[in-house]
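Residue numbers (this note's numbering), protein chains in the order written: chain A, 1 to 334; chain B, 1001 to 1334.
Honestly, the hints are just simulated from the structure, not real lab data.
One should not assume that every hint holds.
Claimed, not checked - DMTMM-like mimics (lysine to aspartate or glutamate), calculated; alpha carbons at most 20 Å apart, straight line:
| id | chain 1 | residue 1 | chain 2 | residue 2 |
| --- | --- | --- | --- | --- |
| 1 | A | Lys6 | A | Glu35 |
| 2 | A | Lys6 | A | Glu43 |
| 3 | B | Lys1006 | B | Glu1043 |
| 4 | B | Lys1006 | B | Asp1045 |
| 5 | A | Lys6 | B | Asp1045 |
| 6 | B | Lys1006 | A | Asp114 |
Said to hold, decoys possible - To give an idea of the interface, some chain B residues facing chain A are shown, with a C-beta separation under 8 Å as derived from the structure:
| id | residue |
| --- | --- |
| 7 | Pro1048 |
| 8 | Ala1054 |
| 9 | Leu1055 |
| 10 | Thr1077 |
| 11 | Val1079 |
| 12 | Asp1218 |
Beta carbons are placed, not taken as given, at the ideal position from N, Cα and C, and that holds for glycine.
Number of protein chains: 2
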Amino acid sequence: MSVTIKDVAERAGVSVATASRALSGGRGVRPANRERVLRAARELDYEPNAVAAALRSRTTNSIGIVVPRISNPFFATLVEAVEREAARGGRGLLLAASQYDPGVEEAQLRSLLDRRVDALIAVPCHREHSRAAIEAAGRRVPTVQLDLCLDGGGGSWVGVDSEAGILASVEHLVAAGARTLAYVGSEPTDSSAQARLDGFRGAAPLCPGGAERVLLGDFSLDWGHTAARRLLERPGALPEGIVCGNDTIALGVLRELARGGVDVPGRVMVTGFDDIPFAELAEPPLTTVRQPQEQLAAEAVRTLTDRLGGGAEPHRRVAIAPELVIRGTTRPTG
Amino acid sequence: MSVTIKDVAERAGVSVATASRALSGGRGVRPANRERVLRAARELDYEPNAVAAALRSRTTNSIGIVVPRISNPFFATLVEAVEREAARGGRGLLLAASQYDPGVEEAQLRSLLDRRVDALIAVPCHREHSRAAIEAAGRRVPTVQLDLCLDGGGGSWVGVDSEAGILASVEHLVAAGARTLAYVGSEPTDSSAQARLDGFRGAAPLCPGGAERVLLGDFSLDWGHTAARRLLERPGALPEGIVCGNDTIALGVLRELARGGVDVPGRVMVTGFDDIPFAELAEPPLTTVRQPQEQLAAEAVRTLTDRLGGGAEPHRRVAIAPELVIRGTTRPTG
DNA sequence: GCCGGGGATGTAAACGATTACCGTGATGCA
DNA sequence: TGCATCACGGTAATCGTTTACATCCCCGGC
Chain A
1 MSVTIKDVAE
11 RAGVSVATAS
21 RALSGGRGVR
31 PANRERVLRA
41 ARELDYEPNA
51 VAAALRSRTT
61 NSIGIVVPRI
71 SNPFFATLVE
81 AVEREAARGG
91 RGLLLAASQY
101 DPGVEEAQLR
111 SLLDRRVDAL
121 IAVPCHREHS
131 RAAIEAAGRR
141 VPTVQLDLCL
151 DGGGGSWVGV
161 DSEAGILASV
171 EHLVAAGART
181 LAYVGSEPTD
191 SSAQARLDGF
201 RGAAPLCPGG
211 AERVLLGDFS
221 LDWGHTAARR
231 LLERPGALPE
241 GIVCGNDTIA
251 LGVLRELARG
261 GVDVPGRVMV
271 TGFDDIPFAE
281 LAEPPLTTVR
291 QPQEQLAAEA
301 VRTLTDRLGG
311 GAEPHRRVAI
321 APELVIRGTT
331 RPTG
Chain B
1001 MSVTIKDVAE
1011 RAGVSVATAS
1021 RALSGGRGVR
1031 PANRERVLRA
1041 ARELDYEPNA
1051 VAAALRSRTT
1061 NSIGIVVPRI
1071 SNPFFATLVE
1081 AVEREAARGG
1091 RGLLLAASQY
1101 DPGVEEAQLR
1111 SLLDRRVDAL
1121 IAVPCHREHS
1131 RAAIEAAGRR
1141 VPTVQLDLCL
1151 DGGGGSWVGV
1161 DSEAGILASV
1171 EHLVAAGART
1181 LAYVGSEPTD
1191 SSAQARLDGF
1201 RGAAPLCPGG
1211 AERVLLGDFS
1221 LDWGHTAARR
1231 LLERPGALPE
1241 GIVCGNDTIA
1251 LGVLRELARG
1261 GVDVPGRVMV
1271 TGFDDIPFAE
1281 LAEPPLTTVR
1291 QPQEQLAAEA
1301 VRTLTDRLGG
1311 GAEPHRRVAI
1321 APELVIRGTT
1331 RPTG
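Start from the sequences, fold in the hints, and give me the full structure.
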């Protein structure tokens, strides 16, 4: 019913082998024949069956990606960039969400492997419980961890240099005149939370007045509210700079400070992390650390295609330096 | 190298046919044999090759989706819901972005069809230029348009009842005391923009003072700024209610009103459309029309699976009534 | 004139499952 | 007992490509 390569070959008056060669690359086919095959294909409106090709050639020209949540704008942007990068190489993208459940994550990975993706990108939803499934996947196809990574650092990973991002925030705040700092972040339940916390602890000594407080909760707006209220309890001890673990927390902090009548950035400066689309819509617009998702995605896909192309490097770890975007919640330096 | 069903059959001491039957459904196989096959599969850590199964059975258990942009939070949420719905049915999701370019869209659709997805979901990026590709796709596999649709209403479609949403906004504003209204929306470049505009025009007579102004631009923050400035030029003529075509515009309008020192909702009330995550973070939180993405996605997938299951209805059009979410930018009614 | 080599083609064997078709033995019923 | 029925299981065809291998032909070098 559907037109196959056999039909094309017949119409072109050649064998299926020649037709196949002509259609894919065309090497080793006399130009005249190549032309006839291509014309026949066009005339018959031939659509190659990628499934059959995949079965025989043992490559599907597709990659799989598993993220915790697609609707998280950070992951959405990441997925978009990966899709674009994959499409550029003629590859399809199979998308799956783990919903922050290692069990679901494992099932999704297995499903993608059953579908024989050529390679995998995974944002592990748990620094420890995701290990078994991701390592198992890595044994079957080239696999790269994106953004988050497993504890202990096994396998390839592409992400941002969180510590450098936090360091830049702290340096900026100090240069802008903050003499006391606080950190409002997430309990180190994932590798980024850990790295950001480490980054703050490492950079704190730069601050003349020291880093008085570290408040840990989760990456949510509500936690930002709560933490800010806690800081407001002793107005005298309110730090002059608040470094937040991500933008969502920062937005919560900002809102609570506004309710408390605290002048931002006059009395307190605030920084975030991620540069989600909302960051610049806040009032005042949020100074934050931008994650270069395009670059992350490109690097991740490249890591995979290098491996597919035969390049070695099963253990490539790339930390991209993020960029500090200075907006209204901090005073300009100098 | 990889373990195949043949290996499983051998170890279980049955033929591949029996093994296949046991592994998929298990009907027509004696329980004892079924058990042996399943055990053999487990022991060998057998992973079925979905590509081979797809080739023979002519079904890939996967659906394709094409959206204009993944990073648009509205589409991201939609994709997430579709993915969840597809996964629930054991289906994979092939994701592609058209980047608002009908040419890219066509190529992406073709690529998905080459990969033999069982069905397609498309958010047409253009009400007219997307037609050829989407109709062609619809001739090959069950296809449903989601959210946006082609002009003229060919094919299946699942979306929100925009006119009803706008009507609810207008009724709410009037009930809350607005005597004059304006509409700030997008030029009707896509079907939603058209429907929302139509909705406003249809509902305007409900307003005692009439709908004085209709300002059309695009669905952007900047357009919201511009339009609000234009309304502020004649403070005396400032409407008491502003209905916006989407939340992004509404956020722009809100920000500009705040700059102009206009009290919201005291002097002017504002409504949006979509209920993007940011809507409730605005100051004051935005009253808006929520698009039930979960429901849209579920309905779209169901439309497709019904078709796949043999159900007829090649022409099903579903408009889901959206819900008005009342927040701080409008006064409570009554 | 013969032979080696290499490029273009064709033939047919994969790839790994599903499934049409048929055979077999057991069972039910008259 | 004989016959139809049925559940189960095996053989082999099939899905639509890619590709290993053989063949053929043409050309150049000796």
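Here is how each hint holds up against the structure:
no. : hint                     : verdict
1   : A:Lys6 with A:Glu35      : holds (16 Å)
2   : A:Lys6 with A:Glu43      : holds (14 Å)
3   : B:Lys1006 with B:Glu1043 : holds (14 Å)
4   : B:Lys1006 with B:Asp1045 : holds (13 Å)
5   : A:Lys6 with B:Asp1045    : violated (37 Å)
6   : B:Lys1006 with A:Asp114  : holds (17 Å)
7   : Pro1048                  : holds (6 Å)
8   : Ala1054                  : holds (5 Å)
9   : Leu1055                  : holds (5 Å)
10  : Thr1077                  : holds (5 Å)
11  : Val1079                  : holds (5 Å)
12  : Asp1218                  : violated (17 Å)
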